[in-house]
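> Here's the letter readout for the chains.
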Amino acid sequence: MTTTDSDRWKAVSAESLRFFGAMSAAVSHEIRNKLAVINEKAGLVQDIAFAVKSGRAVDPDRLEMQAGKIIDQVRQANRVVGVLNRLAHSVDAPRTRIDLADVIGLVTELYGRKAAQGEITISAVVSANPVSVITSPFLLAALIGGCVDAAIPKVDDSAVLTINAEAVADGATIRLQNLAGIEDSDVELGGQDSGARAMLEMLGGRLVADGRRGELVLEIRNCVGPDGGRQL
Amino acid sequence: MKVLLVDDEEELVTTLAERLGFRGIEAKWTTAGDEAMALTEQEPFDVVVLDVKMPHLNGIQLKKELERIRPEMKFIFLTGHGSEEDFRIGSAEADHYLAKPIDIEIFVATLKEVFRS
Chain W
0 MTTTDSDRWK AVSAESLRFF GAMSAAVSHE IRNKLAVINE KAGLVQDIAF
50 AVKSGRAVDP DRLEMQAGKI IDQVRQANRV VGVLNRLAHS VDAPRTRIDL
100 ADVIGLVTEL YGRKAAQGEI TISAVVSANP VSVITSPFLL AALIGGCVDA
150 AIPKVDDSAV LTINAEAVAD GATIRLQNLA GIEDSDVELG GQDSGARAML
200 EMLGGRLVAD GRRGELVLEI RNCVGPDGGR QL
Chain H
0 MKVLLVDDEE ELVTTLAERL GFRGIEAKWT TAGDEAMALT EQEPFDVVVL
50 DVKMPHLNGI QLKKELERIR PEMKFIFLTG HGSEEDFRIG SAEADHYLAK
100 PIDIEIFVAT LKEVFRS
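Chains as they are written, first to last, in numbering that gives the first Met the number 0: chain W, 0 to 231; chain H, 0 to 116.
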C-alpha cells in the first residue's frame, strides 16, 4: 500500500465514521421522538383511567383510539429501527452485487427527516428493470448521502428531490434531479482532499453537475476486486 | 396559567395539551412557527414550550420572533436530541430546557416554576 493509498483509506475511514455517526444521530432522534409520543399516549391512557376511577364518564372510544395510536407509533419506530439495521448490515460485505433501488431506498429513508426539515421530499424512482452494480454497499450509501447533502439546498420550486438510476456499460448512473443553480462547486463534496472525494475515487466513480438539466450525476463503475484492478 | 405548545410532531403536542387539561392547565398547540406567531398576536401566553428543531423556523429563531410580539412571555425548550451541544444552547436560550421523553409531573412542575419566575 502506497502513502497515497494509506492517506485515502484514512480519509475514507474518517468519512465513513462521520456518515455512520450522522445517520445514527438522526435515527436516534427520530426514535426518541416516537418514544416521546408513546410516553405521552400511555400517560394519557393512565389519566383517562384515573378519571374513570374518580367517577368521571369517559367515552370508551377515546381509550380505543389512544391505544390504536400507540400501536401505530410502535410500528413507525420499528420501521425506523429497521432502517438503521439495514445501514448497519451494509458493512457486512466489502464488495457485492447490489440492487441500486435498495441502496437509494435506504438513503431516501435515512434522509427523510432532514429533507422534511428543509420542507422538501425525496422521491426514489424505481426502474422496471433492476439496476445493479458490484461495489461496497456502505460506501455507496455514504456517497449518495453526500450527494443528497449537497443537493438538498438546491432543490427547485417543485420541492421534490428525485433520485433515479440507470444501467450503463460497466456500472450505473445515479441522477439527483430537480435542482436549481447547480454548479461545479457543488460536486466538491468538501474539497479535493475530503473523505467523500476519496470514497468517490475508491468506488471508481465520477460526479458531475449538469446545470442545464438541473442534475447531479453520479457515475459508479463495477469494482471488480483485487484480480481485476479497482479493489476495495 | 396559559400555555402554548409548539412542536412539528402533532401527536405529541395534541396529547400533551390534553394531559395538561387533565391537570387544570389551559394549553393551545400548533405544529408551525407562523401559526405560533399568529396565535401569540391574538392572545398572550404565560409560557411557550418550543421544540428546538422544527422546519422553516427553528425553535431559537421562533423564540426571538415571539419575544418581539410578547416580550413578557417565558420559554421552555424541548429537544429529542439530548446532546451536550443542544443542552448548552437550550439552557442558554430559554428559561428552562427539557429532553424528550418528558415526565408529565416534572413538566407541570417546570411550567409552574417558570411561570412564577
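I should point out that these hints are in silico values taken from the structure, not numbers from a laboratory.
As the structure is a computational prediction, the values presented were derived from the model and not from experiment.
Some hints could be false.
Mimicking DSS-like on lysine-lysine, the simulated pairs with C-alpha atoms at most 30 angstroms apart in a straight line are [to be verified]:
hint, chain 1, residue 1, chain 2, residue 2
1, H, Lys1, W, Lys68
2, H, Lys111, W, Lys153
3, H, Lys111, H, Lys1
4, W, Lys52, W, Lys68
5, W, Lys68, H, Lys52
6, H, Lys27, H, Lys73
7, W, Lys68, H, Lys63
8, H, Lys111, H, Lys52
9, H, Lys111, H, Lys63
10, W, Lys153, H, Lys73
11, W, Lys52, H, Lys52
12, H, Lys111, H, Lys27
13, W, Lys153, W, Lys113
14, H, Lys63, H, Lys27
15, H, Lys52, H, Lys63
16, W, Lys113, W, Lys68
17, W, Lys52, H, Lys63
18, H, Lys73, H, Lys111
19, W, Lys153, H, Lys27
20, H, Lys52, H, Lys27
21, H, Lys111, W, Lys113
22, H, Lys63, H, Lys73
23, H, Lys1, H, Lys63
24, H, Lys1, H, Lys73
25, H, Lys52, H, Lys73
26, W, Lys9, H, Lys111
27, H, Lys1, W, Lys52
28, H, Lys27, H, Lys1
29, H, Lys1, H, Lys52
30, W, Lys52, H, Lys73
31, W, Lys68, W, Lys153
Pulled a few chain H residues facing chain W out of the computed Cβ check, cut under 7 angstroms [as the list claims (entries may be wrong)]:
hint, residue
32, Glu8
33, Glu17
34, Arg18
35, Ile68
No residue lacks a Cβ here, since even glycine has one placed at the ideal position from N, Cα and C.
> Just to be careful, I want the Cα atoms of Lys1/H and Lys52/W compared with a cutoff of 30 angstroms; is the pair within it?
Holds, at roughly 28 angstroms.
> Does Lys73/H sit within 30 angstroms of Lys27/H, going by the straight-line distance between their CA atoms?
The hint holds at about 15 angstroms.
> Is Lys111/H within 30 angstroms of Lys153/W, Cα to Cα?
violated (44 angstroms)
> Compare the distance between the alpha carbons of Lys1/H and Lys73/H with 30 angstroms, and conclude whether the hinted pair is satisfied.
holds (11 angstroms)
> Does Lys68/W lie within 30 angstroms of Lys113/W when you go C-alpha to C-alpha?
holds (24 angstroms)
> Quickly compare the C-alpha distance for Lys52/W and Lys73/H to 30 angstroms and report which way the hint goes.
Cα-Cα ~35 angstroms, so violated.
> Do the alpha carbons of Lys68/W and Lys63/H lie within 30 angstroms of each other, as the hint requires?
violated (34 angstroms)
> For Lys153/W and Lys113/W, compute the direct alpha-carbon distance and say whether it is at most 30 angstroms.
Holds. Lys153/W to Lys113/W sits at ~14 angstroms (cutoff 30 angstroms).
> Hinted pair, alpha-carbon criterion (30 angstroms max): Lys1/H, Lys52/H. Please report holds or violated.
holds (23 angstroms)
> Would the hint linking Lys1/H and Lys68/W be met if the CA-CA limit is 30 angstroms?
holds (27 angstroms)
> Taking 30 angstroms as the top limit, are the C-alpha atoms of Lys153/W and Lys73/H close enough?
violated (37 angstroms)
> Please work out if Lys9/W and Lys111/H have their alpha carbons no farther apart than 30 angstroms.
violated (52 angstroms)
Of the hints listed earlier, those the structure fails to meet are numbers 2, 7, 10, 11, 17, 19, 21, 26, 30, 31, 35, in rising order.
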